[in-house]
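**Student:** Sequence:
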Amino acid sequence: GAVSKRQSTPALDEMVNVAKEMERQGVTIPLLIGGATTSKAHTAVKIEQNYSGPTVYVQNASRTVGVVAALLSDTQRDDFVARTRKEYETVRIQHARKKPRTPPVTLEAARDNDLAFDWERYTPPVAHRLGVQEVEASIETLRNYIDWTPFFMTWSLAGKYPRILEDEVVGVEAQRLFKDANDMLDKLSAEKLLNPRGVVGLFPANRVGDDIEIYRDETRTHVLTVSHHLRQQTEKVGFANYCLADFVAPKLSGKADYIGAFAVTGGLEDDALAEAYEAHHEGFNWIRVQA
Numbered sequence: 004g005a006v007s008k009r010q011s012t013p014a015l016d017e018m019v020n021v022a023k024e025m026e027r028q029g030v031t032i033p034l035l036i037g038g039a040t041t042s043k044a045h046t047a048v049k050i051e052q053n054y055s056g057p058t059v060y061v062q063n064a065s066r067t068v069g070v071v072a073a074l075l076s077d078t079q080r081d082d083f084v085a086r087t088r089k090e091y092e093t094v095r096i097q098h099a100r101k102k103p104r105t106p107p108v109t110l111e112a113a114r115d116n117d118l119a120f121d122w123e124r125y126t127p128p129v130a131h132r133l134g135v136q137e138v139e140a141s142i143e144t145l146r147n148y149i150d151w152t153p154f155f156m157t158w159s160l161a162g163k164y165p166r167i168l169e170d171e172v173v174g175v176e177a178q179r180l181f182k183d184a185n186d187m188l189d190k191l192s193a194e195k196l197l198n199p200r201g202v203v204g205l206f207p208a209n210r211v212g213d214d215i216e217i218y219r220d221e222t223r224t225h226v227l228t229v230s231h232h233l234r235q236q237t238e239k240v241g242f243a244n245y246c247l248a249d250f251v252a253p254k255l256s257g258k259a260d261y262i263g264a265f266a267v268t269g270g271l272e273d274d275a276l277a278e279a280y281e282a283h284h285e286g287f288n289w290i291r292v293q294a
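Heads up: the sequence shown runs through residues 4 to 294, numbered per our numbering.
Take these hints with a grain of salt, some might be off.
The calculated lysine-lysine pairs, modelled on BS3-like cross-linking and capped at a C-alpha distance of 30 Å, are [stated by the list, open to error]: (1) Lys-102 <-> Lys-49; (2) Lys-23 <-> Lys-101; (3) Lys-43 <-> Lys-239; (4) Lys-43 <-> Lys-101; (5) Lys-89 <-> Lys-49.
What the hints contain is simulated information worked out from the structure, not anything from laboratory work.
Make a model of the complete structure from these sequences and hints.
**Tutor:** See below:
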């Protein structure tokens, strides 16, 4: 299959061009659409109608496994493609019935209607542990917090955990997948094949307009970086035109505020693990790890 993944709005038009070119070339392989700016509506309205092969919007990477499995299955493919096309036809009909969007207000008007908050009467709590801190967690700890329902969805098994394990239709398959997944978690944990970790940071910060200045230390004299934010520009009646920066104390208020950020990974060893499974012709094991 072909995968088209784009992160910017102009690139959405290029997806349409790719679909048209695949059609012109007589290609019939499945076309999977994904990326931050994509959507089911855009796929149904703009892309699918330009390509006669199967076109499927994949919301996130975890769903790819289930979609590809369905498309490769001799018993599931035709029904999956038919259901997807029917669903996208419904999406197109709903899209055509939508009312026209309300014209946006000017940026100046939106800024005049920002969040009204009395910063003189509020003092943000002081962050005592500034800077970047590394954190680690074992698979044994994290597995207690796994939401198993999305896991089953990636394999196209509908139902909520734990009820899905007793489902009359998919219960047996769900139990098999559940056992395989837990066996894999046992292996990853015992052999330390993946080591979840992350970083979390707290930094002095203040708002300047729609931006947030992030400082090196409490002297607030050295700006590490400026975080730029967009403000809502749809017409609001009785509500503010919000911007994320509204929730940080303005620099002119004289109040010290802070901002936090974090990044986590299931394990930096994933590339090496993928290569090891591939070398031993155990690609399915890597698919299970990803799911």
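**Student:** Are the hints correct? Go through all of them and say.
**Tutor:** Hints, one by one, checked against the model:
A hinted pair counts as satisfied when its Cα atoms are at most 30 Å apart, and Lys-102 with Lys-49 qualifies at roughly 18 Å. Our distance criterion of 30 Å between C-alpha atoms is met by Lys-23 and Lys-101, whose separation comes to about 26 Å. Under the criterion of a C-alpha separation no larger than 30 Å, the hint pairing Lys-43 with Lys-239 is consistent with the structure, at around 27 Å. Between Lys-43 and Lys-101, the direct Cα distance comes to roughly 15 Å. Compliance with the 30 Å bound is thereby established for this hinted pair.
Among the hinted pairs, Lys-89 with Lys-49 is consistent with the structure: their alpha-carbon atoms are about 16 Å apart, no more than 30 Å.
Every hint, counting from the list given before, is met by this structure.
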